[in-house]
Amino acid sequence: MKDFIIPDRDFGTPAAKSKTMVTLSIDGFDVTVPEGTSIMRAAAEIGISVPKLCATDSLDAFGSCRLCLVEVEGRNGTPASCTTPVAPGIKVHTQTGKLKQLRRGVMELYISDHPLDCLTCAANGDCELQDMAGAVGLRDVRYEAPENGKMETHFRAKDTSGAANPQWLPKDDSNPYFSYDPSKCIVCNRCVRACEEVQGTFALTIEGRGWDSRVHAGLKEDTFLSSDCVSCGACVQACPTATLVEKSIIDIGTPDRGIVTTCAYCGVGCQFKAEMRGDELVRMVPYKHGKANRGHSCVKGRFAYGYASHKDRILSPMIRDSINDPWKEVSWAEAMAFAANRMKAIQDQYGRQSVGVITSSRCTNEEAYLVQKLTRAVFLNNNTDTCARVCHSPTGYGLGQTFGTSAGTQDFDSVEDCDVALVIGANPHSGHPVFASRLKKRLRQGAKLILVDPRRTEMFEGPHYRAAHHLALKPGTNVAVVSAMAHVIVTEGLYDEEFIRTRCDWDEFQDYAAFISEPQHAPEAIELLTGVPAAELRGAARLYATGGNAAIYYGLGVTEHSQGSTTVIAIANLAMLTGNIGRPGVGVNPLRGQNNVQGSCDMGSFPHELPGYRHVKGPEVRAIYEAAWGVPIDPEPGLRIPNMLDAAVEGSFKGLYCQGEDILQSDPDTKHVAAGLAAMECVIVHDLFLNETANYAHVFFPGSSFLEKDGTFTNAERRINRVRKVMAPKQGYADWEVTQLFARAMGADWNYTHPAQIMEEIALTTPSFAGVSYDRLEELGSVQWPCNEAAPEGTPLMHIDGFVRGRGKFIRTEYVATDERSGPRFPLLLTTGRILSQYNVGAQTRRTENVVWHPEDVLEIHPHDAENRGIREGDWVRLASRAGETTLRATVTDTVSPGVVYTTFHHPVTQANVITTDFSDWATNCPEYKVTAVQVSPSNGPSEWQEEYEAQAALSRRIAAAE
Amino acid sequence: MSHDNAVQTKLITMANQIARFMESKPHDEGVSGLASHINDYWEPRMRRQLFELIDKGGAGFRPLVLEAAPQIRRPAA
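Line by line, the protein sequences are chains U and P.
Our numbering numbers the first residue of the first sequence as 1 and each following residue consecutively.
Our numbering numbers the first residue of the second sequence as 1 and each following residue consecutively.
Just so you know, not all the hints are guaranteed correct.
Listed next, the in silico PhoX-like pairs over lysine-lysine satisfying Cα-Cα at most 20 Å (straight line) [to be verified]:
no., chain 1, residue 1, chain 2, residue 2
1, P, K56, P, K10
2, U, K441, U, K17
3, P, K25, U, K809
4, U, K441, U, K288
5, U, K220, U, K171
6, U, K671, P, K10
Covered stretches of chain P, as calculated for chain U (at least 3 residues, CB under 8 Å) [said to hold, decoys possible]:
no., stretch
7, 12 to 19
8, 23 to 30
9, 38 to 44
For the record, the hints were derived by calculation from the structure and aren't laboratory data.
Note that CB positions come from ideal geometry on N, CA and C, so glycine has one too.
Taking the hints into account, I'd like the entire structure generated from these sequences.
Laid out in structure tokens, this is it:
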């Protein structure tokens with residue numbers, strides 16, 4: 001194991017961005033820094049740490065603690081070095097007799113109102129107050145409360161006369177992950193500023209003035225839990241004392257080392273330091289040098305890692321002859337032999353095409369690569385798919401057609417240069433929280449937001465910003481709305497002709513312009529259809545086209561429609577029309593859902609393409625793998641997930657190896673998925689938990705968590721981040737080793753001993769990864785593909801001088817209404833989404849304390865629709881579509897429009913996908929999750945299906961007692 | 001509805017969905033676009049089922065699907 005203890009020096013104030021350099025002298029040493037740098041930071045650059053308490057380099061300087069005083073020759077007084085910028089030629093002294101005396105006096109005052117329980121304090125050894133007391137040489141505290149003098153402190157529960165001290169406040173332990181102890185607070189404001197500047201929630205405040213100043217969450221009566229606090233951990237990170245501290249530190253103690261790794265939740269790909277003591281994970285701290293998160297985190301990555309050691313985790317391989325039998329725990333060898341014999345027998349009897357794999361978007365690149373290699377090189381077919389099928393497959397198609405690559409065009413840093421953000425069908429607040437914080441920061445600085453979403457999501461407004469336009473369209477009308485924006489841009493002459501002439505195909509543009517200018521695409525013409533007022537839509541289009549750097553961020557609200565691919569094309573058209581491609585602050589940015597959904601697609605998980613998005617029909621591409629693997633590669637596309645299930649019901653598909661995905665819960669039309677799985681003869685589930693799919697499995701390979709293996713994840717900005725093993729796999733093997741064991745049991749001669757060797761093979765065979773190696777990743781921290789000879793340090797921005805395909809291609813985007821329509825039986829449209837504290841199907845987050853924020857899925861319904869149906873807040877309701885029905889509780893809210901209802905899908909009991917239909921995107925068969933015609937009616941309990949399902953699940957999860 | 005019927009209905013729907021997109025392109029480009037889309041993404045089993053329906057007269061398909069059929073690769077039997 002390699003340790004990565006990179007000292008995270010705190011420079012006190014953020015780096016200045018000026019290109020003008022300034023030279024000054026500090027304690028006799030010359031230092032040259034960008035203009036605008038603080039004296040404190042300049043000193044830190046040459047290794048001089050000026051004592052400080054209220055300053056930290058993740059926050060703007062505040063100048064309140066009066067500890068960082070310095071003297072500047074020729075200037076009066078002792079300015080605070082954090083708030084004083086450098087100037088050419090000044091001579092600064094950080095340590096003089098006067099300064100020493102002042103600092104000691106300041107410290108003495110701080111300590112006089114601070115408990116001296118250092119030895120038993122959770123921050124012992126990790127306390128900046130303690131460090132500063134040492135740094136200034138504090139030896140004595142003269143200020144003592146006189147006995148019976150009733151003098152108050154903030155930290156004694158009783159005053160000196162023995163009466164209760166009204167200034168003392170009890171600990172707030174309401175948050176499950178951290179505690180707030182007001183008695184240790186020095187009111188440095190770092191937590192309040194972190195909540196504002198970094199997270200953007202503004203949940204914390206300083207109430208009172210002077211001696212009465214106290215940090216408080218929310219309103220007067222609030223606790224941390226009941227306040228607006230989203231538990232991102234930024235305040236805990238910023239706190240210099242034990243006032244805000246992780247409960248894990250209180251329970252365990254301080255860590256002895258930190259290892260840099262990558263979060264396994266969403267597609268933002270935040271880097272963390274996994275702080276360890278022995279092989280116990282003490283805490284996850286966001287890594288300042290992580291290029292996606294820049295030191296920030298959300299409640300999931302920061303705190304919700306308890307699932308990895310949850311009691312539900314299965315640590316032994318298991319097999320059973322039939323899904324009606326209880327599971328039998330067996331050795332790895334026995335499980336491998338059982339699985340391999342079954343799969344071989346199936347292929348012997350039903351043919352080469354009768355088995356397949358599903359790669360995981362949760363596992364590493366190396367693991368996804370091996371699973372698709374298993375089907376291509378060992379099963380000898382192309383039957384591989386991945387959960388991107390149900391999320392961003394339309395992005396691959398749409399951007400591939402228009403730009404020539406499915407790649408998102410920017411890095412996350414790009415948002416700092418964006419003037420207009422067009423957010424379509426995405427709710428970064430819940431789905432991509434750390435990116436949302438970075439976007440909100442830019443919005444507070446004055447960038448404009450255009451929100452296109454049927455719901456008034458949390459992104460709509462926040463402290464100090466509000467969306468300039470909210471196009472609250474009817475679910476299923478994305479193409480009409482985005483095309484109407486293009487109509488406005490073209491007919492009002494707002495397009496960037498020079499960009500189009502130099503970068504795109506002019507003839508295709510002419511054709512597209514003629515098409516989009518037709519009157520049926522005008523905002524006025526589609527107003528009734530989409531529910532978006534024409535004037536609002538025109539305003540949004542004008543702002544996008546003329547407001548400066550305009551960036552599009554979109555999510556599954558774009559892709560999970562029957563016209564998902566067409567909407568992606570329409571989005572690409574918009575960016576090309578306005579020249580918003582190829583520089584910082586602009587672009588088309590698909591926000592990917594899972595930590596490694598980008599990577600699993602890159603690694604050839606789709607049935608029609610080999611790694612690097614190269615179609616299996618190309619003989620020159622097949623030749624590369626035929627040479628590398630020594631087997632013929634099937635030139636025909638293989639089965640997609642829905643095809644696998646159809647083929648299973650037909651009887652031609654019999655065996656599936658499913659790694660780290662729960663298709664029964666996450667794929668549409670649950671009953672169809674269940675029927676498909678039930679028809680198979682060998683379902684191998686490889687997961688941390690007995691997930692819903694495992695109810696239909698014959699073999700269970702226990703999986704390892706991201707803490708237990710080496711590898712890489714690729715985030716939404718194509719950034720390849722290292723995942724580092726911080727503890728041994730609890731069930732014995734990393735997931736790549738399990739796949740290798742299985743391949744070997746099937747007869748393959750695989751001998752990888754470290755994931756770095758798998759990456760070597762990927763780099764050798766995939767041009768866009770040619771320059772990627774673990775050594776390179778150590779050197780650069782992370783790298784964005786394409787990374788090869790032409791771009792040895794990777795590619796933060798795509799299409800700078802020209803599109804990957806040559807010239808950008810405008811494609812007509814005709815709106816076609818989905819067949820899923822509301823009507824008399826099902827008059828409402830259901831759309832689905834996520835909530836901040838939960839993740840996807842909830843397999844992980846439901847097994848953490850995050851459930852305090854979201855114990856169950858609820859149905860959002862507009863007051864008008866609720867009233868018509870006699871539904872009140874909190875009532876059980878029956879939600880029915882033509883596919884099925886379920887029950888859940890209702891919440892009455894106007895965040896949804898009349899005619900639209902909304903729910904999340906984090907809890908298996910809800911079975912939201914019993915409701916969703918089998919309609920899908922025309923190009924990729926990405927399911928139409930975001931539109932289902934439903935009816936809602938009062939109910940008094942779970943549906944028959946839910947009860948049957950629960951019973952079947954309970955029966956199926958039995959594990960036979962060891963003999 | 002039997003499973004076979006359901007499969008057929010779904011297949012026709014899927015082909016027609018592709019056709020609806022390709023219909024907005026210039027005619028010849030639409031025909032070849034539809035054929036190459038199915039060639040690139042539909043595995044042989046699905047194409048076999050497609051041809052079974054087309055060979056039976058192609059009821060329910062949009063005209064563009066039938067027009068593109070000669071350019072769609074027939075899977076080996």
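To see whether the hints hold, each was checked on the structure:
The suggested pairing of P/K56 with P/K10 holds, with an alpha-carbon distance near 17 Å, which does not exceed 20 Å. Distance hint between U/K441 and U/K17 is fulfilled; the C-alpha atoms sit about 17 Å from each other, no more than 20 Å. Restraint check: the Cα-Cα separation between P/K25 and U/K809 comes to about 13 Å, which is no more than 20 Å; the hinted pair holds. Between the alpha carbons of U/K441 and U/K288 the distance comes to roughly 17 Å, so the proposed pair stays at or under 20 Å and holds.
With a C-alpha separation of about 15 Å, the suggested pair U/K220 and U/K171 falls inside the 20 Å cut-off, and the hint holds. Taking the CA atoms of U/K671 and P/K10, the gap is about 16 Å. The hint holds against a cut of 20 Å. Counting residues of the stretch 12 to 19 of chain P whose beta carbon lies closer than 8 Å to any beta carbon of chain U gives 4, which reaches the threshold of three, so the coverage claim holds. With a cut-off of 8 Å between beta carbons, the stretch 23 to 30 of chain P has 4 residues touching chain U; three or more are needed, and the interface restraint holds.
Three residues within the 8 Å Cβ limit are the bar, and the stretch 38 to 44 of chain P against chain U gives 6, so the coverage statement holds.
No hint from the list above goes unmet by this structure.
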